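Participant: Read off the chains here:
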Amino acid sequence: MNTKDIIVGILLIIPFVAYFAIPTYNRVNPAIGGLSFFYWYQTLWLAISALLFGIAAYIIDKGVKE
Amino acid sequence: MIDTVEISVFLVFFIVFIAIGFLAKNFRKGNLNQLPEWALGGRRLGTFLVWFLVGADLYTAYTFIAVPSSMYSVGSVYFFAVPYVSLAFAIAMLTMPKLWAIAKEKGYVTAGDFVKDRFNSESLAIVIALTGIVAELPYIALQIVGMRAILTALLHPVGGNVTLISNIALVLAFLALIAFTYTSGLRGASLTAVMKDIIIFTTVIVVIVVALVAYHSAFTTAFTVKPVYADLPPKLYNAYWSLFLMSAAALYLYPHAINGSLSSMSAKKLRLSTALLPIYGIGLAFLALFGVIVYGIPAAESALKIYPSSIQGALVVPTIIASVTPQWFTGFAFLGIFIGGLVPAAIMSMSQATLLTRNVIRYVNRNLEEKRETFIAKLSMVFFQLLALGFVFIVPETYAISLQLIGGIIILQTLPAVFLGMYVKHLEKYAIAAGWLAGIASGVYFEIYSNFVYLHYSIIKTTLMPSAFGLIFVGLTALVINLVVVVIGTAIVYAMHKQPNISKEKA
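Protein chains in written order, with the working numbering: chain U, 38 to 103; chain W, 209 to 715.
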């Protein structure tokens, strides 16, 4: 295990931690346009996940030739 | 009133769709008599096309019909589809580029090919291949439920024998599908996937904007009508995480997802497109919310009431689209959802056919020529598409999500062989086979127990089972049992031999 693997591992695990912590987001307020926190928070995490995974992919492939 | 505009727009775009499907055979030309060319597009798809192709497996009738339907009829627990999408791609990032590299080096086309070499067992490969084929069937059936829902919404205002006309239209659509997947293979599926997703993205954005402009307090109204939908009842926490974790683990075990990944040009391109796939899920989240917002749009809610309650759930998304957009747009959007079932059905049946020829028929007939192998693959694909069509008559529409989850319970039992097989060195094939058997048997048992014994249903409505921890997904229990057997089995083999993998199968 080198530093690169550890960083990639952490990036991939973050969304698991976020989504498994159900009591932290199982709330109605603050709502956006009447939509509960429960729904928009989890949707927001899709965008965050794509960002984290994108960074992970970049780190893995940096310097690797196809 | 007959919606001529709606139906005409639908038909015109359907013709365009079929034309793209046929013309795709000239895309990145290859010899379509070779299986990797036909089934994997010659492993020449870039980041963009793999993103659409794998995304196409995600944006299916599951997304448009099954998830909104469950949200509408059961509530917030079915929002599990959102975390599922994010976590599935984290798992894919770890497993698929590695499988791609192994497959490229050794010329594998399926997960069965990998299992055969890894465990030195053709029998285990056949078991894995057949599990994949069976797991796809309910998933394809779900696509057909979605397509039928669209036809019902499209034709209901016309009147007459809607069921009969829908079934005829469905058969015709399937014949068109069979014709172009037969000629163009995965190239046809990936190019039509791009068309389908452009229509879907447009639809989701337009409908959400239009609905919220016209009914700006729709969510507030909906949560007033259904307060329990506003968040997740704490007694369903274990149901929620077991559903999203197991669905995520299952997605990339499905043969169609593996096919899609292996069609990538390089491991690097595959990794990037996989990383960006959660973005696809944002549309899924909005569509899931259609199942809630419908309670806040009186026009849609009353339009839904004209249908029998058994199919209302499946018609949530079509009804909202029809109530908030003009006829021409409704026709366009309906076509998007219709081919949103058709394209994944094509990809899924193609992956079943590939498994059957590579890992089952080849075992029976070892001297199979390449051209003949591909021909058998094409023929069996037609067979699977027709077999799945048969599900049309036995599926309860509103609980269609159970179809995908049943597929999940089945395919999860291949996890030890495929995912652990890639990363854990000391696994023994007999232990893997015993684990598979224990997983499948317990999964089937708990599924039957929950629906028919515990809840006294006469059809399958749920994949959650009662337990000491409240309701949990059957797939989790079955996989845990499977893994326990694999670990104990491997330990026993170790105790008996010093080098477990030395015992080669006498095949």
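In short, the hints are calculated from the structure, not lab data.
Keep in mind the model is a prediction, meaning the values are calculated, not measured.
Treat the hints with care, since some could be wrong.
Residues on chain U that point at chain W, a partial pick, calculated with CB under 8 Å [what the hints assert, rightly or not]:
(1) Leu-49
(2) Val-65
(3) Pro-67
(4) Ala-93
(5) Ile-97
Beta carbons: idealized from backbone N, C-alpha and C, even for Gly.
Participant: Determine for every hint whether it applies to the structure shown.
Facilitator: Hint-by-hint comparison with the structure:
no.: 1; hint: Leu-49; result: holds (5 Å)
no.: 2; hint: Val-65; result: holds (5 Å)
no.: 3; hint: Pro-67; result: violated (13 Å)
no.: 4; hint: Ala-93; result: holds (6 Å)
no.: 5; hint: Ile-97; result: holds (6 Å)
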